[in-house]
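First to last, the sequence lines map onto chains E and U.
Using this note's numbering, you'd call the opening residue of the first sequence number 1 and step up by one each time.
Using this note's numbering, you'd call the opening residue of the second sequence number 1001 and step up by one each time.
Calculated from the structure, these hints are not laboratory results.
One or more hints might be untrue.
[Said to hold, decoys possible] Mimicking DMTMM-like on lysine to aspartate or glutamate, the simulated pairs with C-alpha atoms at most 20 Å apart in a straight line are:
#  : chain 1 : residue 1 : chain 2 : residue 2
1  : U       : K1274     : E       : E146
2  : U       : K1249     : E       : E115
3  : U       : K1087     : U       : E1065
4  : U       : K1053     : U       : E1077
5  : U       : K1185     : E       : E122
6  : U       : K1249     : U       : E1160
7  : U       : K1185     : E       : E115
8  : U       : K1274     : E       : E83
9  : U       : K1070     : U       : E1080
10 : U       : K1249     : E       : E122
11 : U       : K1185     : E       : D151
12 : U       : K1274     : E       : E122
[Stated by the list, open to error] Selected chain U positions facing chain E (in silico; Cβ < 8 Å):
#  : residue
13 : L1244
14 : T1247
15 : M1251
16 : K1274
17 : A1275
[Said to hold, decoys possible] Some chain U residues well away from chain E (every beta-carbon gap over 10 Å; in silico):
#  : residue
18 : S1076
19 : E1085
20 : G1153
21 : D1187
22 : K1249
23 : G1252
24 : L1259
25 : G1271
Glycine included, each C-beta is placed from N, C-alpha and C at the ideal position.
Next come the chains, spelled out residue by residue.
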Amino acid sequence: MKQSNKTERRLQIISGALKLFAQRGFYSTTIPDIAGSIGMSAGNIYNYFPSKEILAQEILKTISAHLGQQIRRINDQDISSREKIKQIVKIYFDTAEKEPEMIDFFLRVYLSNREVFGQGCEGMICVNDFVTEIMIFFDDGVARGELKNQDFFSAFGLFMGYLGGMVFLAGEKILPQSLDAYTDDIATNIYNALKAQ
Amino acid sequence: MRLLWLSALSCNGNVHSLLNYPQYEQWQKGFEWLYHPLLPSLHTFEEVEDGVKGCDVLIVDGTLEQNLLKHRRPFSELLERYATEAKHILTVGTCATFGGIFAKGEAGRTGVHFCGEARRGEYEWFWQKSISLPGCPVQPEALAGTLSLLAAGEPIPLDELRRPKYYYAYTVHDGCTRNEYFEYKIDEHRFGTLEGCMFYEHGCQGTYTHGSCNKILWNGLNSKTRNGQPCMGCTEPDFPKEGLWSTPKHMGIPVRMPLGVPRRAYLTLAGIAKAFRIERFYKPLMEEE
Ligand code: SF4
Ligand code: SF4
Chain E
1 MKQSNKTERR LQIISGALKL FAQRGFYSTT IPDIAGSIGM SAGNIYNYFP SKEILAQEIL
61 KTISAHLGQQ IRRINDQDIS SREKIKQIVK IYFDTAEKEP EMIDFFLRVY LSNREVFGQG
121 CEGMICVNDF VTEIMIFFDD GVARGELKNQ DFFSAFGLFM GYLGGMVFLA GEKILPQSLD
181 AYTDDIATNI YNALKAQ
Chain U
1001 MRLLWLSALS CNGNVHSLLN YPQYEQWQKG FEWLYHPLLP SLHTFEEVED GVKGCDVLIV
1061 DGTLEQNLLK HRRPFSELLE RYATEAKHIL TVGTCATFGG IFAKGEAGRT GVHFCGEARR
1121 GEYEWFWQKS ISLPGCPVQP EALAGTLSLL AAGEPIPLDE LRRPKYYYAY TVHDGCTRNE
1181 YFEYKIDEHR FGTLEGCMFY EHGCQGTYTH GSCNKILWNG LNSKTRNGQP CMGCTEPDFP
1241 KEGLWSTPKH MGIPVRMPLG VPRRAYLTLA GIAKAFRIER FYKPLMEEE
């Protein structure tokens, strides 16, 4: 099979599995379910991913790389930390609206089934692309005197926890408005919490 | 080969350093001191002030200061007279090279060719025959070795600060016994113990300091970092920094990266390396500690 076909197949499996995992959770989704949803045989999926755990890990890496790439584009621009925060919030919410299963996977599979990611995704290895860009964003902000020099996890937890919480509320249909309506306010809140005094 | 040693503002650390060169006895046979502040010399300092002939290598240590008087004559006058005659000029120690500790004390103090990182113009005319041997103090092997190479007429490749690459192309991090801890980002260090890298918390500058301290051990025995004390970057133009025993960080990320390592790549690798908890590295190497 040609390399490009192989890559495409791989992506097809990842996106099919992503949807099911995000909807039904990791344990209630089987490889035959995934195979059925994308019109492939279960045996063929095993040719690409030797186990359901590894498939879940690959999905995580793919999402992390996808988000990481977009934040990198923001980091590479010569704009203020405040403006960057706004753009990161926007990207996160856009992704949650256009590809909700990506963020759902993060919240419902990765964060709730840590045992699945124990071996092979120790620490933050599988979300490294994403975390690295957030680190670069923080580092630049402090270096420019725009952000407060504080503990990394306090800042990271504040940033991601807030975004995750909003997406979760939106997913549960609790928010009165659509996510993007909150972008400005949330970016301002995050900026106020992170800015240098 | 005839050597002449002139000290400007100095603590005599470099003068003593040469006395600690383990092969001094053997080494000195090829050299003759026109003047050295401690070693038997052909001339007294007063004679040097009046002018003596035959200087092949002028060795300068200590920080320069405007109008510095050395006994009876301005230091600059002595420096210029002997620099004109000498075939080579060595700025020995960080003070003579970049300004060093004494330059922090008052404005207007500098090294011979540098004021920190900035090139000075004043002695441009002997830049081409100058060699920088920074260090606080200079490593004795770097001084004795450079002089031996000059005596042998060997070419000495220099970096852009005129430091001999044989001694300064490495970083202090090269050969440090804590490299494994560096790789796995473990800084569980207590001063004087054998475990832990000092890059993350304790201000070690070994990864971006040019020097042979861990390749040519001091007194053939040890180095700061092997012994559990962070490298203070004493061979670099910005020595001494403030806050030496802590690592400046932005939200937990070291402000200064190891030499030549791009920040993004470093952070990616660090994130991965940190994920491994290798038990061996968290146990004392020696129970006695
Ligand atoms: S202690 Fe310093 S020199 Fe040694 S490995 Fe760590 S950073 Fe490098
Ligand atoms: S370890 Fe660092 S501070 Fe110590 S002598 Fe070597 S270069 Fe200087």
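Evaluation of the provided hints:
1. K1274(U) - E146(E): 28 Å, violated
2. K1249(U) - E115(E): 32 Å, violated
3. K1087(U) - E1065(U): Violated - the C-alpha atoms of E1065(U) and K1087(U) are around 24 Å apart, more than 20 Å.
4. K1053(U) - E1077(U): 15 Å, holds
5. K1185(U) - E122(E): Holds, at about 15 Å.
6. K1249(U) - E1160(U): 29 Å, violated
7. K1185(U) - E115(E): 24 Å, violated
8. K1274(U) - E83(E): Violated, at roughly 31 Å.
9. K1070(U) - E1080(U): Status holds; Cα separation ~14 Å.
10. K1249(U) - E122(E): 24 Å, violated
11. K1185(U) - D151(E): 17 Å, holds
12. K1274(U) - E122(E): Satisfied, since the Cα-Cα distance of roughly 9 Å is no more than 20 Å.
13. L1244: 19 Å, violated
14. T1247: 13 Å, violated
15. M1251: 4 Å, holds
16. K1274: 6 Å, holds
17. A1275: With a closest approach of 3 Å, the A1275(U) hint holds.
18. S1076: 41 Å, holds
19. E1085: Since the minimum Cβ distance to chain E is about 49 Å, E1085(U) lies beyond 10 Å and the statement holds.
20. G1153: Non-interface label on G1153(U) holds, nearest chain E Cβ at 48 Å vs cutoff 10 Å.
21. D1187: About 15 Å separates D1187(U) from the closest Cβ of chain E, which puts it past 10 Å; holds.
22. K1249: K1249(U) is in fact no farther than 10 Å from some Cβ atom of chain E, at 7 Å.
23. G1252: Since the minimum Cβ distance to chain E is about 4 Å, G1252(U) lies within 10 Å and the statement is violated.
24. L1259: Fine: 18 Å to the nearest Cβ keeps L1259(U) off the interface.
25. G1271: 5 Å, violated
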